[in-house]
Each structure stands twice: as C-alpha cells, then as structure tokens.
Amino acid sequence: MSIGALFFASPLALLAFLALPAILWLIRATPPAPVQQTFAPLRFLLGLKSENSQRLRAPWWLLLLRAVLASLLILGFANPSWRPKAVAASNKGPVLIVLDDGWTAAPEWAGSRAAALAAVEEGERKQSGPFFLLPTAPQRAQTGPLDAFSAAEIKARINGWRPSPWRADRAAAAKRASNLRGRFADVIWVSDGLDSAGAAALGEALTQKGPLRVHAPGFTARAITDLRSTAEGLEIDVRRAVSGNPVAAVAAETLQGRALGAAEIRFAPSATAATAKIELPPAIAARAARVRLVGEASAGAVRLAPNGAGRPVVGLVNGGDTAQPFLSDLFYVERAIQPFASVQRGDVESLLNQGVQALILVDDSALPQAEQTRLLAWLEKGGLAIRFAGPRLANSDQALAPSPLRRGARALGGALTWEQPQEIAPFAPESPFADLTVSADVKVRRQVLADPAGLAQAQIWARLKDGTPIVTAAARGRGLLVLFHVTAGPVWSDLALSGLFVDMLRETLSFAGSASSATEPGAELGPWTPALLFDGFGALSPPPRRVQVPEDIFNAQKPGPALPPGLYERTGSPQRAVSVASEAELLAPLARPAGAVWIGKARQGTVSLAGLLLALAGLLGAGDLLLALALAGRLTPRRGARLAAAAALALVCWVQGVGPALAQIDVSPPPGWNINVPLAPPEIASIGDVRLAFIRTGDGRLDRATRAGLEALSATLTERTSVAPGPVVMLDPARDDLSLFPLLFWTAPAQPTPLSPQAGANLERYMQLGGLLFIDTRGLAAGSGGEASPAAILLQGVNVPPLEIANPREHVLGKTFYLLRAFTGRRGSASLWAESASAAAARDGVSSLIIGDGDWANTWADEELTPIGGVDRRELAMRFGVNLVMMALTGNYKSDQVHLKELLARLGTDPGKTR
Amino acid sequence: MSKAADAMAARAQAQALVEGLQGVLLDARRLAGAHPGAHGRRLAGPGEAFWQYRDHRPEDGARAVDWRRSARAERLFVREREWEAAQTAWLWLDPSAGMQQSETEERPSKRRRALTLLLAMALLAQRSGERIGALGLTPPLRGPHAAEQLGLALQQSPENLLAPPGRASLLVLASDFYAPIEHWERQLRRLSANTRGGVLLMLADPAEEDFPYEGRVLFREPGTRNENLVGRAEDVRAQFQQRLAAHRAALHALATRCGFALVRNRTDHPAAAALGAVIAGLEQAH
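Heads up: the sequence lines are chains A and B, in that order.
When the first sequence is numbered by our numbering, its final residue is 909 and no position is left out of the sequence of numbers.
When the second sequence is numbered by our numbering, its final residue is 293 and no position is left out of the sequence of numbers.
Derived by calculation from the structure, the hints in this document are not laboratory data.
These numbers were taken from a predicted model, which means no experiment stands behind them.
Yeah, the Cβ is synthetic: ideal placement off N, Cα and C, and Gly gets one too.
Where hints are given, some of them may not hold.
[Unchecked claim] Calculated from the model, a selection of chain A residues having no Cβ within reach of chain B, i.e. all distances over 10 Å:
1) Gln30
2) Gln31
3) Pro35
4) Leu39
5) Leu42
6) Ala112
7) Ala262
8) Glu374
9) Glu545
10) Arg685
[Stated by the list, open to error] Only some residues are given here: those of chain A computed to face chain B with a beta carbon under 7 Å:
11) Thr32
12) Phe33
13) Phe320
14) Leu491
15) Gly493
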C-alpha cells in the first residue's frame, strides 16, 4: 500500500490504529505508580483513606506523549519506506539514452548498465519508442546520426556494451546530440559522475532535447596518475574526485599479474590526490610492470611501468671471461646501477636492437670492429656510452675515448713509485657531479692518463687531487661518450666500493633519457605497434588486429580511438606505455545540468523509515520512563543526572550506528568481478602482513576447527620462526581477493560440493599466480585425486595440474624448515600428493597444489592429543605445518637440499662413504 | 550443616557485627566521655573516690585516722570515700525490622541510635564498676571488654522480654514502642513484678513524627507484608499524628504505672541529652 511517496510493506499493522482509542483510555485509566515508602508506624495509618485517592489520573501531556509513542510504534511496524517518484515524463515518444562509456564508468559499470536498462524498461512500459543510444566514448570516432532501435534491440546493445579505455569525449557527444532532430519524450544520461571538458555543453544540449535525468554512481572512478621509482620502492600518485571512495589499496604486479607489493591509501576527507609508497627492494621494484588500484576495475586504475617505471634501460656489453663473476667489472657496475636502471646484458649488436638508452662498456667488453662502427653511429644519433678503463684500454684499444689517451697506465703508490694513491678532488661546479660530495676514503691507485694536448676536445667531469682528469666526457654527434679513467672493479681504485660510484653513475645515466629522446624522429624506426592494449576495465590483451600508430600521434600521448592506451613497441626503441590517465587527469564531480533531475544510485533508492520510526519510539519510550520515574518521585537529582548521562550516551551510540546506515550507499561490486572486488578495510589494513587463510566450507564447526588449527600454527610460527603471521582469515573464493595470501588452507567438509564457476576460476587464477592451495581431505577417502575422492569433488571444474606422491625425503616440503622423515598427520604418517615438478616448471618447480589426508588443522588445534608409542603427533604435525608455510613463502629455496646427498657425492665428500 | 560450619558462619556474622559496632562504640565512648559524673551513690561508703573528711569517732578505730589531714588540725579526721555499690542493669534492644528504618548520612537509624545510647550506658557503668548485661543473652558483665561483648549480644536481643534473674535489677528497654499498647502492657507488667523498674528509651525517626509525605504514597510496614495506599498523604497527616500522640500518651501512663521512666529521643536530635535523661531516670528508679 502506498500513500504518495510513502509505501507500507505491512499495511495490516496500520489496523492497530483502530485500537488506539482503547489503548489511550487504558493509559488514562491507569494512574502513574505511587511512591513506595517503608514506614514503621504503619499501624497508625491503617484505615486512613484520603477522599480523593481515585481522582489521580495520568496528566494530559503524558497521555499525548504515549499516544505519539503508540502511533510511532504502529507506523514503524507497518514498515514504511519513502520512495520519491522519479519525475517520469508522462508523454510517450522517442527515448534518448546517453551512456558515458569511458574508463571512468568502468568501476561502476554494472550500475550504469542497470540504470540504462531500467530506463529502457520504463520506456517500454509507457510504450515509448524508438530508442537511441549515444555513447560518449565510442570505440571509433563517430559523427553520423544515431540509429533508432526497438526496446529489445537496444537492450541487447546495452548488455553487450563495454567501456572504452579512454575518457568520454563529451564535446563530440554534445555536437552529435544537438544534431539530433526533434524532441524526445525522455532523455537519460547515464553518467560516470565526473566532470570533463564539454560536460556542460552536453548537459545543455540534452536539456534542449527533452526532460533530462542524470544517473551518477555512488562512488566515482579514481585514477593512478603517476608512478615513480625511488630508492625505497615505488611511489604512486592516486587521484580521485571528492565523490570517490577515500580508501584504496594499490598493488604492484608483474605483467603476469603476480603481486609484488601493496600499500594502502587513505584520502583526507576533502583531498583529491594522495601518494602511496610501496616499499620494495630495487631488484624487486625493477620487476614491477604495472600498479593497479585493488578492487577498482578500470583502465585508469592501472598504470604500466615500462622499463621499470621510468628507469633507463642500460645495456651492459658482455666481456670475454665470466668464469669468476664476482671479480668481473660488470658485476660491480650492475650492482651499482640496479637501483635506478633496468639492466640488460648482451653484445653491442643485440643491445642496440633492443633499444637500450645507454651502453656501459668495461675494459673486458669485446668490441669487434663492426660493432664499434655500429656503436659510433648510434652515438651520433643520441646514444649514451659509458666506458671504463683497464689494462686493455691502456695498452691497445683507444679509439673509443673522449680525448686521446696516453699509452700505458699511471700507477700511484706501490713499490716502484714515489707518488701516493690519490684522492678525488671536489667536483667543479660545472661538472654534472657538482652536487655530490667526495668521500675521502676513495683512493685511486692506477689510472689511464688523458693526453693533455687533446684534452680540449673533452669536458672534464672529475679530477684527482693533483689535477689529472679521472672522468671525461665528449659529445659524439647528438650522443655522449663518458670515460671513467679507472676500472669498474676495485683493481685500480676504491671507487667501485664506495657509494660515490653509485651516485656518479646515476648522474651520468640521467643523460640517457635526453640522449635517447634526441633520437631523430626517423622513418627508419617505423610506426609504433601495440603489444598489449587495455580494455575499459584495465585488463591487458593483445590487440585484436594489427594497428600502427604514427610517431606524431604517439608522441602526443593523448589516448583515444586513434591511440588506444597500452604497451607499444617498435624496432630500435624500448617498449613504451601509453597511459590511460594523464598526470593532470581532471577528476571532479559532475555538476548537475540546469533543469535536470538526479537519478543517482544513492538518490534513487527507497529509504526505509521503519528503523527511524522505531528508534524514535524507543527514544520517546525512554523519555516516558524518565517522566514516570519523576512522577513516582524516584528521580532524585543525582539519579537524574546519571540517567541523563546514560541517555546521552545511548543517543550518541544511536546516531553513530543509525546515522551512517541512513546515509548508506550500496557499494557492492558488480556481479562477475570476482577478482577485483573491493577490499574490506581490515584486509587493506593488514595488507603488508603474512596471513594464513582458509576457505570457508559453510560447515560452522569445521570452519571453527580449521581456524583454531591455523591459529595454533600461527602461534608456533611466531614462536619458532621469523614468520609472524597476522590473524587467520576466512575467505570465500567466490567473492574474495585471494591474491594477498601465500597459502590457502582448505579442509574438505564431510559432504564436499563442487565450487561455483566463479570460485573455481578465482582459485585457478590464484594457483597460476603462484599461490599455494593446500587441501586436507582429512582421510575421508583416498586422496589420490581419484574419481570418488573429496578433493576431486571439491576441485570439479578447476583445472587441476597433474599430481604425484610427495616423498618426504625427496620433496622440498620435507626440507623447508625441519628435516622431516614423514609427513605426520593425526593418524600418524599421512600421504601427500603435490603438483609434479614438471607441471610446475612455469613456476620454477614450486607446487601450487598439495593434497593430503592428515587432518592437520584438527591436529594442530588439539592440545590434548596424546603421543602414541612415544610419537608426539601434534608436534610432528606442527613441524609439517611450519614446513608447509615455509614452502609457501620460500618456494624452491630449499630444494637443493633434496639433492644434497647427490651433490656431496659429486664433490667426493659423501659422508656416507668412509674413505 | 555441620557444627563446624555453623561456628564458622556465626563467627563471620560476629565479625560483621563487630565491624558494624566499631562506629557505634566510638559514638558511645564519645558520648560517655561527654557525660562526666552524673552517676554516683552520693553516699559515703566503700569506694575509690574521695567523698569527705569527717571527725573521727571512737568506734572507727586508729586505723581509720587520716593522719595527713589530722596533722594540719588539732582534731582527728577520717577520710570517707563515696559509696560505689555495684548494681546490675539489664539492657534490651528491640529487634523488630522497623527499627532499621530510614538511615541516612546525616542521621542514624533508630536501631543504631539505640545501640549507641545503650553502649554508652554500658561504658559508663563499666567506669563506675557496675554490672550490666544484655537481657536474656548474657550474664551481668564487668571489665574492660564488657561494652564490646554487650554490643555484640544486644543485636541479637529476643523479641519477647524475659524476666531478669536478680530481683533488684534495673532495666533499660530501647524500642520505638510502635507495637500495640496491649503488647507493652503485658510485657511491662510481667517485668515490673521482678524488677525495680528502669527506663523505656523510645526512639523515633523524624519522618515518623513529622509525616512529610505528599501525594500518592504506598506505605509498607517493614518486616511484614502490610501496606496501605494513601491517595493524598497530606490529607491524612493530622489524623496520623493524632493517633501517634494518643498511643504515646497511653504508653507514658503505662510506664509510670509500672515504675519506668519514659525517655524520648529523635534520631535527628542529639544523643547526649537522651543519655542524661536515661541516667537520671535510672537514678530515680533506685
């Protein structure tokens, strides 16, 4: 039943209003309770009656209060809700649906689609038609008139529509809208809730076409606008409109989607920009190929880090001898530049083909004549080459140097010289190293000398204390050639052992970018071709057809139909990314066009009033109670103050509890997005912790037992190892993001049921990304993966890798922390099947699936398990658990232990053989 | 329950009693200290305190001469001491629930006030070497710990009054005397046959006399289930006070008839006056 915008879910409760007069009469007839008084000389009172003891009745204001209270209760139980009617156009006619389908609409795409479909259905009810669909970010730039569709056709189109990986071009859409002929009975703009250039024009154009309603999602899209690599890890700028969700998590991933690290962001209430820092060691940070906003499925929430996030790609030219890698000069260079550069090794030819931005040649680097010419040509075009001296350079090969060199090396210090080892002089102000401070402990014992006669050709970047140049540089065409007059290793100087070396190389490599950007926009490089392209949801996939993007469009870096964002490549250049969100991405809430009506999700929904009414009734009831107390004389000032304090506290609690509920906005994820679900805040909070997780079976007792077991295991891990896991987490594979947990524990329920397809896909992805899924069949049936076994039922529909029996002496699981002779479970030695090493080759032989029958969780939790025959099964099971977690965390780190015996035998020191 | 457990429970109860008693004893000591020497035989006789010098009489003998006083005169003197004959006084405290009523921070309950007064009596008696006992509970006590013992015993006073063992004893009965006059008549008549009389210490709570209640009040008798709902308490005030006064008048007449003095004490009035009145009443009684 509904009265205006008020709707009653249980209207029969309203019949209670009929009984209201009777209730009021009863209340009126019942006077307030008398004051009670103990009185010793009662005897003298007996028989005394005051004449008007019946006169007292409830005062009128108390009656009114109780009448209101009763009415509120009746109304509350009738379960009313307020449903403001959308201003529906009464006339029928053509309907125009404007759909924002840029990436900014992707996070709430399901909501947008539902709103569009709802608009179609409403039109259908009114028998409106035909329908027109105007996307604002079409896959191909379109200018023609819109096609008219029937309701069924347009529904199919909307259902199949997918957002584009660029922002809506609303100016173009406005132009198309104003070109439409005639007026529309209904104009619905399913917007992304964000402002953009042309939004006002589009709003104006649409209002002219008919009564406009605008839909906006509850939370608007956010974007990663920049990604920087620092010494500590990665810095990520995230931007949002004030209407965007203020809590976010960013994760750094490899291109295959393996998580490397994550961090949490909380925007200040009115802030629109925030920076997250993911702390990663440089070597790991170099592997980060992209960062994404966890739980936000849009192209703008992903940012690619080609070449390791702005790190120059540096080629190290291989030397001849690699037998002693720790003594090789290349080792020192590589270690020095790893924090800020992506390193590739190879010969000059292949490195230049890969499009490196700088080349580093050490003394050992072989440089055949052909390659030397190629190198010089590359230098001319803007390359950067850094050379290190050494015996070979000193004695023979002097062609590639900034200035002519004297033959032979100058030795400082030692038995046959009078000179002492020299320190490096403070850098001259015009040197690129000017900002660096020289450390006094760097001594140069040997160097090659530049010929003073030819020194004018070169810039001197650093000198020794006696004035001889130690770093010289010279331009070669557009390029730059830098020579360190010492070795890259510690043979000639201490430079390679000092932090100064790292800083000097960093400064030098800062020329790499400029040198490479100075590359001739040559036709010989050819156009850019995409290697991977974004879709609107931020997923990367190979381009459906071969596209070529000319250089000038590519350099404009403005993503759109002509330049779909993604990862691009061309011969002779390193890969480059076209980002979806620019560094100055404009994210601001959409202003309501004049004359338009919001039908945003939060504004459209019905507001249930039952809770509010009942809460008010409760408050009034409390007030009534106080009044009754006061009337009965029980309300002394002290007690009154105490009661008032309690009431205030209750009120605060109510406002805190109900207030947000009243303003609640539905943020549930669109169906079908099982991977990128928003993280609940507690998960975000502990994103840096290792946490043991298990899969919810739905059997409450079993889940509690598993939780208890994992908690016991966590305690043991904290006690005995350096792993200190956070609280145990229960996960639902159908909904939760599994990628944060290294180990998933799954205890088979007594009646196993197959997973939903979503959950199966999620688990499969989890295993592919390197997670370890451990299934404990508890010995319910033979866990051989045979047809009837519980594990087989559980994993139905999941792509299960081939399994083999794991022998404790051969499998790495027996070695990772404790050396185990058997995998002990509740009933003694348990059998274990693990993914075979050959199947797991893609993950370095680390199993992603292990199935066992030891009933471990129960064993870990069971502190009263008594040893049988002197075997403490709980302790042994606990050791197995520790090994399991260690394996999940360290992978194949201990797998060489498996082969220890063999290795020792090969070295001839087998302890088993006495010689 | 075993005997040992009984003893334990009793001991715990006693502990609680003693703890409750400490304040009372303190009050009583203060009261006794503030009330010096109103008690005495006012006769020469065997005792500690000096009474008077009188001329030596031949029948006194040489040993009775107070030589120090006699040396300062030309006559012989005899030092006489005040007669401090030990008497026995019996105390009784009404155990009814009504005595507990309306204890607040500023004024004690009737029971506590009664206990204070009775113990003060006990302390005074102890000082003058008289014997004092709880009626029906203890033998006559004397000595330094008599007051504590009495304090414990008095709180278990029986409902009905028993005749004391000795004939020449005094009685102090503390109650609010709200029970019907017939009840008291019966009790007092039985006692007066056996004793030399004494004091009725009538305690009253100010609320019971002033009747400050207003509006709709449900009055309940403590210790019973009797109750009376009064629609407008202010209307019955005058009638109630009238009835109470009549009861008290009857009680006063009864007390006089039986040889008892009636001492009234309101719990919001000072206790010292009542103590003086009780002692004066006792002096009169013998």
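For each hint, the structure was consulted:
1. Gln30: violated (5 Å)
2. Gln31: violated (5 Å)
3. Pro35: Check fails; 5 Å does not lie beyond 10 Å.
4. Leu39: It is violated; Leu39(A) is separated from chain B by about 5 Å at its closest Cβ, not greater than 10 Å.
5. Leu42: It is violated; Leu42(A) is separated from chain B by about 4 Å at its closest Cβ, not greater than 10 Å.
6. Ala112: Per Cβ check, Ala112(A) is outside 10 Å of chain B; nearest 62 Å; holds.
7. Ala262: For Ala262(A), whose nearest Cβ neighbour in chain B is about 54 Å away, the distance exceeds 10 Å, so it holds.
8. Glu374: holds (103 Å)
9. Glu545: holds (95 Å)
10. Arg685: holds (54 Å)
11. Thr32: Result: holds, 5 Å to nearest chain B Cβ.
12. Phe33: holds (4 Å)
13. Phe320: violated (84 Å)
14. Leu491: Violated, because the Cβ-Cβ distance from Leu491(A) to chain B comes to roughly 82 Å (cut-off 7 Å).
15. Gly493: violated (77 Å)
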